[in-house]
Amino acid sequence: MQNVYIKEVKTGREMDDFVHLPRQLYAGNPYYVPDLESDIRETFDPQKNAALEFSDIQAFMAYDEAGTPVGRIAGIINHRANEKWHTRNVRFGFIEFVDDAAVPAALLRAVEDWGRSRGMDTVVGPMGIFDFDKEGMLVEDFDQLGSSITIYNPPYYPRHLEALGYVKEVDWVQARIEVPAEVPARYARTAALAQEMYGLRVRKLTQREIMEEGYGRKVFRLLNEAYAPLYGYTELMDHQIDEYLKRYIPILDLRLVPVVENAEGELVGAAITMTSLSRALQQSGGRLWPFGWFYLLRALRWKRADKADLYLVAVRPDYQGLGVNALFFADLIPIYNELGIRYAETGPQLEDNVKELSQWKPLHPTIGKRRRCYKKKIE
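Under the working numbering, the letters of the sequence shown match residues 1 to 379, in that order.
Treat the hints with care, since some could be wrong.
Simulated pairs of lysine to aspartate or glutamate, EDC-like, Cα-Cα distance not exceeding 20 Å [said to hold, decoys possible]:
| # | residue 1 | residue 2 |
| --- | --- | --- |
| 1 | 134 | 42 |
| 2 | 10 | 64 |
| 3 | 168 | 140 |
| 4 | 7 | 100 |
| 5 | 218 | 261 |
| 6 | 204 | 253 |
| 7 | 134 | 169 |
Estimated spans, in silico, between C-beta atoms of each pair [what the hints assert, rightly or not]:
| # | residue 1 | residue 2 | range |
| --- | --- | --- | --- |
| 8 | 237 | 212 | 15 to 23 Å |
| 9 | 214 | 320 | 48 to 56 Å |
| 10 | 320 | 238 | 21 to 29 Å |
| 11 | 159 | 197 | 33 to 41 Å |
| 12 | 264 | 159 | 48 to 56 Å |
| 13 | 13 | 204 | 43 to 51 Å |
| 14 | 86 | 318 | 21 to 29 Å |
| 15 | 192 | 265 | 15 to 23 Å |
Don't read these hints as lab results, they were simulated from the structure. The C-beta atom is built at its ideal place from N, Cα and C for all residues, glycine as well.
Whole structure, please, built from the sequences with the hints as guidance.
Dropping the structure here:
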């Protein structure tokens, strides 16, 4: 490609190009799962995204000489994360590009320059504003279906980044399991001991408890406490929590969202799971209208996938290792079987988080879908 032109996204038409580019790049790809286009737009809208109170974000588009969109990227500065981790990082996210070295070079240079102008000294990514956003560039298993919470990209993406001097910062992997017909004996014994020795119990919340009685905030505060030491994590504030609750609670099947309380009624564990929306999102093309809502509603209510996504599993630090995870499995496995769910897959987990990954061992997991966060010093 002779010339690549980079534009800061400022107009509605440029944002349309940013949102629509994946349609062009992934046309006919059977593994790519699109984002909801409305979610992408809201990420950049201060009235819809409370995180922009303490984060800066700028979208960039790459065009060729004919004015055809050939790439996109966003620069992100999470000031709270930089303060917590004593860094001066600018993150890049939403990166997509054609297979031409000039395009990622121009896109990343735009983020580097934007970050440098704001006092940053290192670029890291792909990352979002928060750990709950999609993060990590796929570096293996390109022939497997993605999910609604993970990044999918072609094999040439990491090759181009590494050629530009980007190196590994951290890796995430996913565990995939086949749901057993019965609760494994090890989990059943551990769950029974947890109930007897520590007074732990599983319960299911109602929408009223979550939205009106403060339990939703309790769950996310538990997530904040459990995930605080993880790479790049910054705690969610209450108004951000409320945004997540309003967006996602109405679509969750609360039978698949167990929480664990101790004898005093304190929340000590929470697991957020749901049936896979991957095929429904593919059918929708990332658009709710005119028919995308139907595909999603059907997948949630009438024609569920045979796979569950284990979005989040969190245990209060002082209760880790005391059987909380076994209680989750003992509760969920019979429900998965009842709903015809044959497989389950975790979200990305840090490869060195041995405690988290080891909990799946009795289920003989397949570990794969490695994703990488890259970094590079700004010159």
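Can you list which hints this structure breaks, lowest number first? 9, 11
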